[in-house]
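Read top to bottom, the protein sequences are chains A and B. Going by the numbering used here, the first sequence runs without a break in its numbering and finishes at 112. Going by the numbering used here, the second sequence runs without a break in its numbering and finishes at 1116.
Hints in this document: simulated from the structure, not taken from any laboratory. The beta carbon of each residue, even a glycine, is placed where N, CA and C say it ideally should be. There could be a bad hint or two in this list.
Negatives, chain A to chain B, calculated, CB over 10 Å [unchecked claim]:
no., residue
1, Thr20
2, Ser33
3, Gly40
4, Gly42
5, Leu43
6, Val50
7, Ala82
8, Ser94
9, Tyr99
10, Thr102
11, Thr110
Here's a subset of chain A near chain B, in silico, CB distances under 7 Å, partners left out [unchecked claim]:
no., residue
12, Pro39
13, Leu45
14, Phe103
15, Ser105
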Amino acid sequence: NAGVTQTPKFQVLKTGQSMTLQCAQDMNHEYMSWYRQDPGMGLRLIHYSVGAGITDQGEVPNGYNVSRSTTEDFPLRLLSAAPSQTSVYFCASSGDRGYGYTFGSGTRLTVV
Amino acid sequence: AQKVTQAQTEISVVEKEDVTLDCVYETRDTTYYLFWYKQPPSGELVFLIRRNSFDEQNEISGRYSWNFQKSTSSFNFTITASQVVDSAVYFCALSEVGAAGNKLTFGGGTRVLVKP
């Protein structure tokens, strides 16, 4: 099925560990984004990409890195996990400006 | 900077009641898009509607309807004759055409609980 695939669905990390959240889409979309969802705060943009090789920071980029080597993949790296990064992470892709995003199913991350 | 406000954090209704979710936005762009997403208890985000800033027509889709009023910067969402399956968190979002990256700015969400 066409869409956005995120892995893993659940992850527990210890403070200071690093990890990569994977995101892949098969719709040939140019725009991809990572959001985090915290209670009462809606979704906040971490990083986004407008095409392969082009990324930029969103509202809450600290502690996260991204790269976009292909159109399909947009991994999110946590460099040194902190309890404040406990959240639900969503990857999303969009084919055109203003056409909204298709979201992955989310990754629930807990940092202890 | 763009901003979306959903003042209602939680609404509880009894099945078959109507429920209206408020959304107020701020933007300096003259061209923008507004969205509503639904997040059921299972956690995924489901796209409901997109509206561009030049189209102020209200829209009805089954039991859902949307009222876009540019004069008050509002894009409200009404569920008519609510059902238990409507229980979810609903997010309003804004995308400015002039902004890089086709970024979405979300409101804080409104949790709707429909009781049988």
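Structure-based check of all given hints:
1. Thr20: Since the minimum Cβ distance to chain B is about 21 Å, threonine 20 (chain A) lies beyond 10 Å and the statement holds.
2. Ser33: Answer for serine 33 (chain A): violated, closest chain B Cβ roughly 7 Å.
3. Gly40: Non-interface label fails for glycine 40 (chain A): nearest chain B Cβ at 6 Å, not farther than 10 Å.
4. Gly42: Violated, because the least Cβ-Cβ distance between glycine 42 (chain A) and chain B comes to about 4 Å, which does not exceed 10 Å.
5. Leu43: violated, 4 Å
6. Val50: violated, 5 Å
7. Ala82: holds, 23 Å
8. Ser94: Check fails; 5 Å does not lie beyond 10 Å.
9. Tyr99: Tyrosine 99 (chain A) is in fact no farther than 10 Å from some Cβ atom of chain B, at 7 Å.
10. Thr102: violated, 7 Å
11. Thr110: holds, 15 Å
12. Pro39: violated, 9 Å
13. Leu45: Holds - the Cβ of leucine 45 (chain A) comes within 7 Å of chain B, reaching about 6 Å at its closest.
14. Phe103: holds, 4 Å
15. Ser105: The hint holds - serine 105 (chain A) has a Cβ within 7 Å of chain B, the shortest such distance being about 5 Å.
In this structure, the earlier hints numbered 2, 3, 4, 5, 6, 8, 9, 10 and 12 are contradicted, and the remaining ones agree with it.
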